[in-house]
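Taking the hints into account, I'd like the entire structure generated from these sequences.
Protein chains in written order, with this note's numbering: chain A, 1 to 317; chain B, 1001 to 1417.
All the given hints hold, so there is nothing to weed out.
Each pair of labels, with its calculated beta carbon distance range:
#	chain 1	residue 1	chain 2	residue 2	range
1	B	Gly1274	A	Met253	36 to 44 Å
2	B	Gly1042	A	Leu137	17 to 25 Å
3	B	Lys1169	A	Trp9	48 to 56 Å
It should be emphasised that the hints constitute simulated quantities derived from the structure, not laboratory data.
From the three backbone atoms N, C-alpha and C, an ideal C-beta is built for every residue, glycine too.
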Amino acid sequence: MNRMRLSNWFWLAVIAIPLAVFVVWASVTNPRQFVSTLLNGVTLAALYFLVASGFTLVFGLMRNVNLAHGSLYLFGAYMGWVVGDATDDWFLAVAVGFASAALVGFLLQVSIFRFMQGQELRQTMVTIGLSIVLADLMLWWFGGEIYSFDPPRAIFKSIPMIVVGKYPTYRIVVLAIAIVIGLVLWWFLNRTKVGMMIRAGVDDRQMLAASGVNVQRVFAITFAIGAGLAGLAGVIGGTALSVSPGEDTRYLMASLVVVIVGGMGSIPGAAVGALLIGLAEQFGLAYAPTYGVVFTFLIMVLVLAFRPTGILGRRSA
Amino acid sequence: MRPTRAGLLGSALTAALFAAAFAGSASAQETVKIGALTNLEGPFAVPGQDGHRGVDLAVKLHNGMAGGKKVEILKYSSDATPDKAVAATRKAVEQDKVDIMIGPLSGDEGIAVKNYSKTHPEMVFVNGSSGAQATTLQDPSPNFYRFNTEGAQWMVGVGDVALDKGYKKVWLVAEDYGFPYSQVQGFMASYCAKGGHVVKKAWVPLGTKDYSSVISGIPSDVDALVVVLGGSDAVNFLNQAEQAGIDKPLVGGSITVDQTVLNYKGKKRESLLGTVSAGPMADGIDTPAWKKFVADYKAAFPNAYPTPSLFAYLYYINTQATLLGLDAVKGDLSNKQAKLKDALANLEFDGPAGHIKLDENRNAIGDTYITEVVKAPDGSFYNKVTKVVHDVSQTLGLPKADFAKMGLGSRDVPNCP
Chain A
1 MNRMRLSNWF WLAVIAIPLA VFVVWASVTN PRQFVSTLLN GVTLAALYFL
51 VASGFTLVFG LMRNVNLAHG SLYLFGAYMG WVVGDATDDW FLAVAVGFAS
101 AALVGFLLQV SIFRFMQGQE LRQTMVTIGL SIVLADLMLW WFGGEIYSFD
151 PPRAIFKSIP MIVVGKYPTY RIVVLAIAIV IGLVLWWFLN RTKVGMMIRA
201 GVDDRQMLAA SGVNVQRVFA ITFAIGAGLA GLAGVIGGTA LSVSPGEDTR
251 YLMASLVVVI VGGMGSIPGA AVGALLIGLA EQFGLAYAPT YGVVFTFLIM
301 VLVLAFRPTG ILGRRSA
Chain B
1001 MRPTRAGLLG SALTAALFAA AFAGSASAQE TVKIGALTNL EGPFAVPGQD
1051 GHRGVDLAVK LHNGMAGGKK VEILKYSSDA TPDKAVAATR KAVEQDKVDI
1101 MIGPLSGDEG IAVKNYSKTH PEMVFVNGSS GAQATTLQDP SPNFYRFNTE
1151 GAQWMVGVGD VALDKGYKKV WLVAEDYGFP YSQVQGFMAS YCAKGGHVVK
1201 KAWVPLGTKD YSSVISGIPS DVDALVVVLG GSDAVNFLNQ AEQAGIDKPL
1251 VGGSITVDQT VLNYKGKKRE SLLGTVSAGP MADGIDTPAW KKFVADYKAA
1301 FPNAYPTPSL FAYLYYINTQ ATLLGLDAVK GDLSNKQAKL KDALANLEFD
1351 GPAGHIKLDE NRNAIGDTYI TEVVKAPDGS FYNKVTKVVH DVSQTLGLPK
1401 ADFAKMGLGS RDVPNCP
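Dropping the structure here:
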């Protein structure tokens, strides 16, 4: 036990000391770049958290790796764009992004996934198939064009910020939205009856069903919320960047990496994972653009080597 | 459902009938088989489709005949990877026995197909739309012809225009692979020589979406930004630069402010107005030849783009050149296509966007159009031609020795901080 502790400390030092040296070096030589990269990393993490929280919620309860999660992101983004373009109301677009993806998620659960409970390989194959079909349908309908949202002017300029001078307001808005969503999710899971059922379902599905709860309904609600979060992130992320074919697989990959690092099925884990990956990506891009992508996977390798269930993951039965 | 015996018999009969019909038409008239390779899958699937339209249009405008023979086009697809491009070319050449091969679409594919063409010196290979410098500059293949200019040639003259506009110091962002290296070299060769400074180059991986940390590295004292990104990467960069409050004028690469980027769905960004860029063609070319080309394209493909894309144009001129070559030798493909090879090497013709001839490496010498983004009366944005640079060579107008000294474009070549 003691030796185990020692080796843990050793590895922690191997990672932490070069990191500390880098932080000191970077913040002394060019504080402006360091702080803005830090902010960019945190705000990108906010976006990743929005996508990955839905993914991890669904996995935590249903043990269902929904590989069509990225398609729900893209679908919500397109639906939000159509409504936003017609009504010129960005907030309505966000709401529609959530609602439309939630509806599709709900339909997927009640019409497909409830018939393959516990058959993991089958679920995986079906969700991969769905993601390919959905991607092609969306390419057919919306074409290969690039879609760009038009949010209110007030949140789409820059605001003064310490050290960096000025900073895009919208990215701060994304961060705020992610924090609010995170808190609402926490409140929902810990303080409401449905949340309690979901948590009970995570721990023991059979017992929950045995105590008279309609498990299928809980599953449908959870799936709808998870999918809705992906759709919401579609509009939020599509506004920060843009919407085009291929974004589905990109965000699916990001969600996978985030939840593998953070721990499958854990909402705080998704937050931690998103923060690590977001920071790694932005610091990589700013300080070592060519090799930036290595850092993301280095983190993944380290986590899988030392904590195979993720940083906040539980050792599941 | 299992096939019934009658059904099997029926389909066998139909197949036999079809085979007979095809054999009949082939013997009635001599045909020349041309393979056309583009991308119908992968990242360039949509432009690749327009490339096929370019091939079809050239054949159609030639009445489906060349050198007295009927032209038969066989279509092939790759996914922008070199091995897939070579595999498709190999199938066309070795299994389907095409007489002439046209393609591929992207730069790295071009180099791979050029190398493959050396293993079949008996036939002619013509480029599709690929634009890597090295294809014809390094170790050229004697039977590979490129009737389009490439990435570096497309940017010649932009450096001078930038200096005329007073951009003495610029910051540059580009994707980290071959095509942008060429584009940046085309811009910097004259820009650096005439006293301009590229204070910093940010090479980002292809497909980077979040540019905020790149943008925060833009020095405040530069006069303009040079942005050599394509498609959604370009839109993402421009969106985030606006969010970050950057209001510097822009200089774009050949695919940075093309129709796909200018016509993205959403509110138009006024900040794009005045962006200088260049390419081998432009929507706003004001010549009868170009207008006829656009009209023919629209008539042939009413459901395609409002104007032909870069890829349709490039595949069109390469196919047109092939057909003109076949005409010149009256379809004579004997003796390892010797006459056709000779005719193509010496071919000069007026394409929709200017006069084209080949250099000794069989790469095109042609015109480059310098453009500026302006607003049309109906509110849409388009590229207005402000200047035409004639007869741009692959050495970018430099003497051969000087160009050799500079070398091909890369991350650090050229350099003038």
